[in-house]
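Listed in order, the protein sequences are those of chains U and X.
Take the first sequence: its position 116, counted from the start at 1, is 107 in the working numbering, and no numbers get skipped.
Take the second sequence: its position 178, counted from the start at 1, is 169 in the working numbering, and no numbers get skipped.
Because the hints were derived from the structure by calculation, they are not lab data.
Hints are supplied without guarantee of correctness; some may be wrong.
Stated by the list, open to error - Taking beta-carbon pairs under 8 angstroms as the criterion, some of the chain X residues facing chain U (in silico):
| no. | residue |
| --- | --- |
| 1 | GLY33 |
| 2 | THR37 |
| 3 | LEU38 |
| 4 | LYS43 |
| 5 | THR44 |
| 6 | ARG183 |
| 7 | THR185 |
| 8 | TYR193 |
| 9 | THR221 |
| 10 | PRO222 |
| 11 | THR228 |
| 12 | LEU236 |
Stated by the list, open to error - Derived coverage of chain X by chain U (criterion: at least 3 residues anywhere in the stretch with Cβ under 8 angstroms from a Cβ of chain U; other residues may be distant):
| no. | segment |
| --- | --- |
| 13 | 145 to 151 |
| 14 | 168 to 180 |
In this text, a Cβ means the ideal position worked out from N, Cα and C, and glycines have one as well.
Number of protein chains: 2
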Amino acid sequence: MRILLSNDDGIHAAGISAMYQAIRDLGDVHVVAPEAERSAVGHAITLSNPLKTKRVSKNGEFFGYAVDGMPADCVKLAVTALLDQPPDLVLSGINLGPNAGINVLYSGTVSAATEGTILGIPSMAVSLATFQDPLWDTAARVAREFTLRILEQNIPKDTLLNVNVPNIPYDQLKGVRVTRMGRSRFVEVFHRRTDPRGNEYYWLDGEMKQFDDEPDSDLRVLEEGYVSITPLWFDLTHESALPRLKEWAAAFEKK
Amino acid sequence: MRILLSNDDGIHAAGISAMYQAIRDLGDVHVVAPEAERSAVGHAITLSNPLKTKRVSKNGEFFGYAVDGMPADCVKLAVTALLDQPPDLVLSGINLGPNAGINVLYSGTVSAATEGTILGIPSMAVSLATFQDPLWDTAARVAREFTLRILEQNIPKDTLLNVNVPNIPYDQLKGVRVTRMGRSRFVEVFHRRTDPRGNEYYWLDGEMKQFDDEPDSDLRVLEEGYVSITPLWFDLTHESALPRLKEWAAAFEKK
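For reference, chain U alone in the conformation it holds in the complex:
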């Protein structure tokens, strides 16, 4: 099996090394990741600049390619140009911090897996739900188990797995829950400052708020100590709004 591994915390992050160590014996693992942190970049890609690549070693051996682009760029470039053949699986992570609720939209980690899915390759994003004292081993073991399961039974077509792991010891995990993307999101506050030359600028700040999340939402089960696994895709059509929108647009449709 050929596995492409990427992330959004950058090729030098601890999380991608933890993932690499956990799955390296399962196939040919090719690492292509941003050269530096690219968090909250959403599904950005690089159109107006070329992408530079650099070979990166860790502990004295070749580890992978650093790209001065976005996570989605890394997957496009790897699949289309860097690898001899397309990979059988795209893995993204392990991200430091959860990618759940509305914040999934801003996630570079998820965008790498989304890009794999768009290219027709089974893909999985893995995130560890903490910003400090990460227990990488827990997420790495879960990532390995799920990778083995994908080998055994493929995931549904046009679907990527968005996996979030609680930051608790592996033995304390309560289990796995299949979830929906919740409505929780950051509620922003901007702090206004003035620089020494009198120009205004704003710092983004905020806190995570729960908004009417269903019991099967990603963040809810994470808080309860379960691994959350959400099937995502790339179609933003609001199906259930179609009939009402047709009424809305009827005056124009008649034209």
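Fit chain X to the supplied structure of chain U, relying on the hints for placement.
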């Protein structure tokens, strides 16, 4: 009515001026847009740097605020900090180039409207389906008609309107169609080059390909000369994959 107007081509782009002229008499119009082009940035936001703002004039009168950030930043900042009260409507565009098919995921224009929707504000993105010789008047007239319609009858909850307008004279438009986001997308090619110092770099190139698009897909109706209006939202959960994924995960769920 208070209208917030943003885009991803930047505050100096012709498209945002065309939109402004078309709707300025419909309410208080507040322009908050990126200071320069931010295309293909997806739903990126700025976390690690502060956002600087600058007052911009056009034709000798105050036009709006330029922000050195992403389209989604502009909407967050305007709603949370720059405007006295939240707007009643967020408009994004007019974008130079279509935002249809899979490429919607990469669109900064759509992300500004998505951000408005996340914040609970009715939102619409408007794009003109050409990269050259734009007939702004066509898209501006459509944007105005739809804005008036939103005043008359609000759009469904949690839904943004993604409007694409063919680049033909207004009188030649065939009408309006409510559509789904299609499967068409760019198929990438990377051109490999070597710089004068021997470092490799890659230029992204490609062409738009149609992939099994349904007759009611956005790009399909655009090509036929209709205005396309797609209801989008911000939930990427692949609902129809949930039952199969539950089977897939059953071994773990039992744990």
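Cross-check of the supplied hints:
Because the closest C-beta pair between GLY33/X and chain U is about 3 angstroms apart, less than 8 angstroms, the hint holds. Below 8 angstroms, beta-carbon pairs count as interface contacts, and THR37/X has one with chain U at about 7 angstroms; its hint therefore holds. Of the supplied interface hints, the one on LEU38/X holds, with its beta-carbon coming within about 5 angstroms of a beta-carbon of chain U, less than 8 angstroms. Using the Cβ-Cβ criterion of 8 angstroms, the hint placing LYS43/X at the interface with chain U is satisfied: the shortest such distance is roughly 5 angstroms.
Hint status for THR44/X: holds, given a least beta-carbon distance of 6 angstroms to chain U, under 8 angstroms. Interface hint status for ARG183/X: upheld, as the beta-carbon distance to the closest one in chain U is roughly 7 angstroms, under 8 angstroms. Violation of the interface hint for THR185/X is found here, the shortest Cβ-Cβ separation to chain U being roughly 11 angstroms, above the 8 angstroms cut-off. Satisfaction of the interface hint for TYR193/X is found here, the shortest Cβ-Cβ separation to chain U being roughly 5 angstroms, below the 8 angstroms cut-off.
For THR221/X, the interface hint holds, since its Cβ comes within 8 angstroms of a Cβ in chain U; the closest pair sits about 6 angstroms apart. The interface hint given for PRO222/X holds, since its Cβ lies 4 angstroms from the closest Cβ of chain U, which is under the 8 angstroms cut-off. A distance limit of 8 angstroms between C-beta atoms decides the matter here; for THR228/X the minimum to chain U is near 5 angstroms, and the interface restraint holds. The beta carbon of LEU236/X is positioned within 8 angstroms of a beta carbon in chain U (closest approach about 5 angstroms), and the interface hint is therefore held.
For a cut-off of 8 angstroms, the count of residues in the segment 145 to 151 of chain X with a CB near a CB of chain U stands at 4, and the three-residue condition holds. Counting residues of the segment 168 to 180 of chain X whose C-beta lies closer than 8 angstroms to any C-beta of chain U gives 7; at least three are required, and the coverage claim holds.
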